[in-house]
Every structure is written in C-alpha cells, then in structure tokens.
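Just need the whole structure built from these sequences, with the hints factored in.
The primary structure of each chain is shown beneath.
Number of protein chains: 2
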Amino acid sequence: MTSQTLTWTPIGGLGEVGKNMMALTYGNNILIIDAGIMFPESDMHGIDSVLPDYGFLRDRRDQVRGIVITHGHEDHIGAVEFVVKDFPGVPLYATPLTKGLIEAKLREAKLMDRATVNSVGVDATFQVGPFKVELFRMCHSIPDNVGVAVTTPAGLVVHSGDFKFDHSPVDGETSDFAKLAEFSARGVLALFSDSTNAEVPGITPSEREIEPALEHVFRDAPGRIFVATFASLISRVQQVVNVCEIYGRKLAVAGASMSENVRLAQKMGYLTVPDGLIVKLDDALKMPPQDVAFMATGTQGEPSAVLGRIATGKHPSITAQPGDTFVLSAHPIPGNDEYVHRIINRLFQKGANVVTTAHSKVHVSGHACQEEQKLLLSLVKPKYFIPVHGELRMLHAHKRLALEVGIAPENVFVVENGTTIDFSNGEAQLGERVPGGYVYVDGNSVGEIGPQVIAERASLARDGYVILVARRNEQGLVSGKPELLTRGWVFANDSRELIDRIATTIGEGLNGMGAASTQKLRERAVELTQRAISQETRRRPVVDAVIV
Amino acid sequence: MTSQTLTWTPIGGLGEVGKNMMALTYGNNILIIDAGIMFPESDMHGIDSVLPDYGFLRDRRDQVRGIVITHGHEDHIGAVEFVVKDFPGVPLYATPLTKGLIEAKLREAKLMDRATVNSVGVDATFQVGPFKVELFRMCHSIPDNVGVAVTTPAGLVVHSGDFKFDHSPVDGETSDFAKLAEFSARGVLALFSDSTNAEVPGITPSEREIEPALEHVFRDAPGRIFVATFASLISRVQQVVNVCEIYGRKLAVAGASMSENVRLAQKMGYLTVPDGLIVKLDDALKMPPQDVAFMATGTQGEPSAVLGRIATGKHPSITAQPGDTFVLSAHPIPGNDEYVHRIINRLFQKGANVVTTAHSKVHVSGHACQEEQKLLLSLVKPKYFIPVHGELRMLHAHKRLALEVGIAPENVFVVENGTTIDFSNGEAQLGERVPGGYVYVDGNSVGEIGPQVIAERASLARDGYVILVARRNEQGLVSGKPELLTRGWVFANDSRELIDRIATTIGEGLNGMGAASTQKLRERAVELTQRAISQETRRRPVVDAVIV
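Residue numbers (the working numbering), protein chains in the order written: chain A, 1 to 548; chain B, 549 to 1096.
FYI, nobody ran anything at the bench for these hints, they're computed from the structure. Hints should not be assumed to be uniformly reliable.
To be verified - Derived DSSO-like pairs: lysine-lysine, alpha-carbon spacing no greater than 30 Å straight-line:
id, chain 1, residue 1, chain 2, residue 2
1, B, LYS680, B, LYS931
2, A, LYS350, B, LYS922
3, B, LYS898, A, LYS399
4, A, LYS399, B, LYS862
5, A, LYS105, A, LYS267
6, A, LYS361, B, LYS947
7, A, LYS361, B, LYS909
8, B, LYS947, A, LYS350
9, B, LYS947, B, LYS931
As the list claims (entries may be wrong) - To give an idea of the interface, some chain B residues facing chain A are shown, with a C-beta separation under 8 Å as derived from the structure:
id, residue
10, GLU747
11, GLY750
12, GLY883
13, ASN893
14, SER993
15, VAL994
16, VAL1001
17, ARG1010
18, LEU1033
Heads up, the beta-carbon is just placed ideally off N, CA and C, and yes, glycines get one too.
Laid out in structure tokens, this is it:
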C-alpha cells in the first residue's frame, strides 16, 4: 500500500449512478469505464438523447489512459462517438461482440479512422497505465458482457457491470464464479454492484425459462407469429430460431437495427441458424401464415419502430390481421407503459392475439435480483460496498441487502453522480464533488439545449403560444387592430370570433396609451394579451409581442 | 318477455370501456349509470380532464329518466357538474357518502339548486321509468360503493361496478353475496363486470392486510411519519388513525382535498376518530417528531400535491428531514411511475426513509383479481358476459377467464366504447355504433380543444416555435433584415449570432423576390425559415411568418 489515492467518480446527472460512465483516477492517470447515453425522461421535451457530462475529464484529456467498455448496450456504448472525438488517441478496450457493435456506430459516424478499439477476451488481463485491468464474464441480456476488476497500488476494486447469475444461459456461458472467488481471496477493497433490481426479491429466472413459453405460443398459434424484443437481445433471437426449427417455421427479421444485429451476431458466431431458416421479409409475407414467424423491435411503444407501425397501420408491408399472434418479449421501461399498452390494445382491435409477460413467461430481466446481489456480495467479500447502476431508491434498497450480508453500515457509500470516493491506505472516504450533470442532444446540437429551453417547451406543450403584432403609424401611435398569431392555444380556424374580440380589446388598450417607447408598448402589449387570454379562456399560453 | 329491446351503451373514447359512463335504453327511456371523468393521458398536452362524449344522449334529453352513481371516485362522479347542466331536472341517485361527495362538487360549481340528488341505501330498490333498479354493496377502496342490477321487460342485467371481494374490509361491510345469489336464482341475462385486474392472477389481498405493515412502520420510525394516499381512501385514514392510537401519535391531515374528505367522512360516521387524536397541521409541526404522524396526498407524483411539494422543497410549512419516514400507500397509475420515482429519490436525497409497496404491503388494489372475477361469474351465472372497466387488453384477459368458467365464447362480447349491445327475446346481439369519443376540458373550455390543437402542442413541445416578422417598404418590396421571435427552439439570449445569421439569409431570399403578394411572400418566408433552421440545427420547430 502506498499513500497515493485512488479516486472513483460516477459521472452524470440525477439519473442512475455510474450507469453510463465512471472513472478511476490514480495520480495523473485516468481510466474510464463505459461511455453510454441515457434515454430522455418524458418531460425532457424534444430531446433525442442524453449524455453524461464528462467535461471535467476533457480538462484532463492528456491524463486519460484508456476506456474499458463492459457491454454493447446503448446505455454503455451510446456516447462512444463523442468520447472518441473528445479523447483522440485514447485506446478503447472491448470484448469481440461489443467491439463489433461499437465499430458499427463509429462507421456510421464516419469516425473509424479516429478510434483505436482493442479486442480483448472476456477473461483478459491488461495493463492501462498504473491500472491492472482484469475482465470477467458476467451474464446479462447480451453476449460478451463483462465485469471489471482493477488493481492499483491503492488496492483492488471490482465493478460488477450489468449482471445476473444465470446458471443455464442460452449461449451456455455462465458468470465467472472462479474469478470472483479469486478476487475475494486476494482481498477486495471495494465492490461496485448493479442495483437495478435491488427492490425485487428472489432470483431473476434463467433465460432458458422462456423457451417453454415460446414453445407454447408456437404450438397454439393458428397463423403468423411476431416476436418483438430488443434489437440487441441476441439470445432471444436464438431462442426464436430454435422454436422455429422445432415447429417448422421460417423466420424473417423486420427492421434495420435488428437485421443488422442478427447479421453481425451470425457472422461473429454468436447466433447459430440452420441454413435456409432465415428468409427475406418480402418472401415471408408471401408464405402461408402458419409457416412463418417474424422478429421485430418496438417493445417500448416507440411509434416509429416496426411494432408501433404495425399497430397503427403504418407499416409499408406488414398489416396485422385476425389469426396473427404478437409476442411482446420485453418489459416496458417505466414511463413507456402507456404507449406499450396502447400498442397492445390496437393489435387486439385489429383482431390479433397478443401475448405479454402478463400472460406467460415470455421475458425475464437481464439484471440480478436481491438473492443474486447478496450472492455477489458474499462471493466477493469487499471491505467497502458502493451500490451503483440505479436511482437513489434502488441504491438504498441495495444498501439494506449489504447490511443483511454483514457489511458494516459505515462501509457502505450511497452517493449520487458527481460525488467521488477516495481510497487511500485501505480506507475509503467521501471525496470532493466534481461538476457534472447531463448534456442534451437535440438534432445536431450537443449541450446547447438547457433547462430554460426545456421549460419553454413545457409551457408551449401546456397552452401553446400567442404572438401579437401591432403597427405604429407615423406619429408613433399604435393604430388599428393588432394581429394575433397562435398555435396550440385554440384552433385558430374555429376561433376567428374569439381572436378578433381579443385583438380589438388589446388594440383599444394600446391605442389609449398614446406615444410611448417601443419597449414600453411591447411590455404593455404582452400584459394586455395575457390578461385578455386569461379572462376569456383561463389559459396561460406563451405570449410575445412585436411592435412594427 | 316482450319483443322490446334493451340497449346497453358504453360511452367514451379509446379508453376503458364503460368506465366513466354507460346507458341503458328501453323504448323511449334512458337510464345513465355514472358520470365520471378520465385522467388525461401523458400526450394529451395541457388538458385538465377528459369527459366521455355523451352528445347523443343530449339529443334525447327528454328521454333520460335518471342517473345512478355507483361510488364517489372522480372517474365516476367527475362529470356530474356537466351532466346536471345538460340534463336539467333529471334525478340523480347515490348512496350517502357518494351523495356527500357529489354535493361538495356541486356546491363548488354553484349548481346545488339545479340538481336533485336522491340519497339511497346500499341495498335500495327503486323504480326509474321502466327500470327497476336494485343496488347491492360491493367492496372497493371507498365506502358506500355499489353494483347496479336493472330489471326491465327485456330481462335482468347486473353491473358489478368497481369491486373486489374483501372478506375483512376495514369498515366491516362485505360485498352482498346474498343478493348476487338471488339475482342468479332469478336468471341473469347479462353481467357487466370490472376488468381492471383481469391480467392479475389470484385474489386481491384484504385492506386489513395493510395494518401489520403500517404497525411495523410506526413501531420502527425514529421521527415523523408521513402516510400518503388517495384523498378518498377513507379506510386507509381509518387504519392510520388506528395505528396512531396504538403508538400514541397525534395525526394531522395536510392538503385541502384530504382534509375536506376526512371532515365529511367523520361527520357522516364513516370514520371513527378518538377525541383529540387529530390535531391541526401547524400544531403538529411543533410537536416532537416521534409523537406525530401526517396524512397527505400526492402518491401519483403530482408536483402540486403535498407530497410533491415536500419532495421539491416547495411546501410552505413542511420540510423533509433526516429521521422522517414517508409511506407511499398507493400504486402508481401507469404513466405516473417516472414522476413517483422522482419524488421517492428526492426524499431519499433529503435523508428521509421511504417505504413503498416494493418494501412492504402498505397498499392493496381496490379491484378484483382473476379468482374474484371468476367467483363473481360463478355466483351470478349470467347468460351473456360483457367485460367492462378496462382497456381492450384487460377485456380480452377477462374474456379468457369467462371461457374458463364455462361461458360460451359466442356469449361473450368484447366491445369498445360506442358499440351498443341489444338484448331482445333473451338474446343479445351487437347493435349500432353511436357517435362518441372524448371531450377535452382545458381551462374554461369544454370540447373546444380537439386533436389539431393537441397536435400543435406536441410539435411545440418537441422543437418550440420560430416566428418571422418581415417589413415591406412603400414599393411593396421586403427590405432589410427580418426579425425572428422564438421560444423552445434555441435559448434566444445565448444564440444571438445564429438567429442573426438565419435572419440575414432569409432576408436576402425575400429581398430577391421583388414585389409579390403578401400571401406569396408569407409562404416563401415560412419555406426559407424552415430550410435555414433545418440546415443549421436539424430541428423542425413550428414556423410562421408575418409580412407587415
């Protein structure tokens, strides 16, 4: 042990702690783990995606030695294109499938030549500056998922990454218990562990348990079968391939993202498909309904994904019809429920049958539940425990589990993104806060949209806008009736009379003012407009005025 | 049996079928059941509440003989003030607590003198035109809840209303099994039954099962306890009163709606409170933390309710602090999860402890699960079954249960709001569709906001607006640089340069046009603005233009 300090920093805003990005700092050396995006919350109006604000690392750009990516989900790789630009020359380390998915992203962003992505095995050990990095396989809902152990002179810290303990995963690759036990034998200073399901008792069922449910659907379905799931859930595709083989159906993949992932996974050997089983979408649509199945995306209610377009009758080639069976092989992420339910209702409306996790075990979580979280704690036996990958409520639930397992309360740190923890001489303590938060991506702007614009959009969403245009004559007096432009307040075509009445009232008010400065007139115009609108409609649209 | 037809009509739009209002028509006689509102879905921007569109009944106003209300929840009484105005002189029938809650509404709307609300017992029988109405008690999450049986020459139909079978309800009043059995003996032509939990296996736990969980919280809490639930959940208030008595705490009620309901329930004898147990909020806040508990609303994440204001630090007198325990005694309604989770996280952030149904049985549903739904079917033994009070996905799940119980598939009707069912000569068949849908209430407008305005608000929420103001000189030519007004697109104060550049581009484009009609200039201005904005920011705000 030296007296030098290892600092851990979870990066982001008020969302899940350390989910999208975290950093380890030792002296003048920084190791980044993951570079993902967060999905916008429903009141982040118009925002496309949300980046963790890693600005404080940009200021120490030349100290960043490497970036380790745990797995290929968007919330862990979605920010790679930004990171590559901000940390030129810094090597990335990723397991083969993860590397494949990262490169697909970089190719699309035309950044391939600016990135060094090293392919490393799921049990690789490599040195990055002063950090000895050891990967270890952990089960999750995508192949080639790893946890990360880092040895520095300040001690050994272990990060679970996203994980579950699946003893019978579809690809046969279980979590690396041996390595976890070995870390424990070496002495683990701190464990960072996935808290997603810390409020859920018991054990997450094995992926394998989905197969009987799928077989049941395939046995009974009178017509076409559509299985919808996440584009990256390769094991689910494998399971559907398996039941297609058993029940003699061909399989077609609908939608660009899923087709691309299936192609990549097949090419790289993560998906085993009998020759001729996968057919083109157009060909599948011409086959007898009982001879074919489809895979698609859209389980989160996204209106532009394949399932959403089928449900609303907007898919160019697929029309839902009586006899069809739709399987929603996913859980709705909180916030999406309403939209998912709407899709299910619409499919029922078209006469199709819909099977969800409410009826049958057609999906399981990719994250550990309470008993697995306790198992990890018992296996690793860390001195300090830091629950990560969750909102505060989940971290607190995870803390309760750690106390049950016997970790001392003062050795559990529940912190928010931006709060660092310093490890020194085998002891941990809260470090300083680094500036952080989230950066909004909207169109081609990164970080230009802030809380003010979001607040403006929220006002506009509530009551729309009214703009008043008034004209001054040569004497500087407002004359005549001003014009009102509006959207989202009333439907202008149906409300001519109301608009006219309000314009007249405001016009009279302004005329009565006599000559005044443009600024004064404008302020008064806004005030009169707000008052008239409130009196007539009890609403408060965004109001602005131009005096010409 | 005569050959005359009894027609059943569920009224509303694409939401839960027959939830807010339904009608029975026999000859020239109409009986309305319930007059509730729907809560706006998250993409109904700015809408305050949503009424079922009962316009087709307004056209037959003089045929409406009476309105029976099943219970006092907003989704069953929220439209009473509109119904009272639209059907003057038509009597309402409600059980005592329901009547009390309706009258509180009518008083606020200054409509007391225009309504006749008859108080009827929970097992009352009364005649409304040709309809013999028999009420029967059913358990739910509010006292005095009833189902409605209606006998006409066309047969006996039974409507469950919202229900669960609670064998040990807090107020001791169980569902009226005797009457249900008696209906069965008389022969039930059709049963309409609550489908809310048709996807949930088993039996909804009794309200009574909450008490141990509450006692546990009260035993362990080191400081103040806040129990949040629905303002109308009188039995939950009774349970909190009971544990306060056991653990020697005083109780204060925060928030206007809950205070009013507690006062009403106490006055009417639905709530038994030992003298001196309930104290004023201000007094409670001065007591030692371990001597007091609070009840509040806000379990759905509403920012303006008591819980939301405490969580965001905006409550005038209550500040969350370490040692406080918050109990969320409710389930989040789908669509509200995100906001509820945010409140929980914020309370943890302030050092408080939070107990939800994820940790402990502090809430149970007010609706029957699958085994209770099957029990009702078995008790009533209807010839026809029509699942109601649910989205299509729930109705289909309920249909599956009915088939399991032995109802013939052709005797189950899954229909949407607006689709009528005709009963004649003991047979049922689909009737005609009546015009329906939902009516949006926004500010003081009822029905003026339609899908166009909602669509405008959705666009504004996404990317804001940009309004271009250009001036013509005396020659009719556009001259100089136009002005751009914007909100929600970019933050104007930070983006002067961008706005200036775009204005210059558009100005040059318009100058180049020469003289043209105002209409032409305006169209061109909108086009140029859209193009410039899209090129610069890849966004598509709402664009409008004024040529002065």
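Status of each hint after checking the structure:
no. : hint                : in the structure
1   : B/LYS680 - B/LYS931 : 20 Å, holds
2   : A/LYS350 - B/LYS922 : 27 Å, holds
3   : B/LYS898 - A/LYS399 : 17 Å, holds
4   : A/LYS399 - B/LYS862 : 29 Å, holds
5   : A/LYS105 - A/LYS267 : 17 Å, holds
6   : A/LYS361 - B/LYS947 : 20 Å, holds
7   : A/LYS361 - B/LYS909 : 25 Å, holds
8   : B/LYS947 - A/LYS350 : 17 Å, holds
9   : B/LYS947 - B/LYS931 : 14 Å, holds
10  : GLU747              : 4 Å, holds
11  : GLY750              : 13 Å, violated
12  : GLY883              : 4 Å, holds
13  : ASN893              : 4 Å, holds
14  : SER993              : 6 Å, holds
15  : VAL994              : 11 Å, violated
16  : VAL1001             : 5 Å, holds
17  : ARG1010             : 4 Å, holds
18  : LEU1033             : 5 Å, holds
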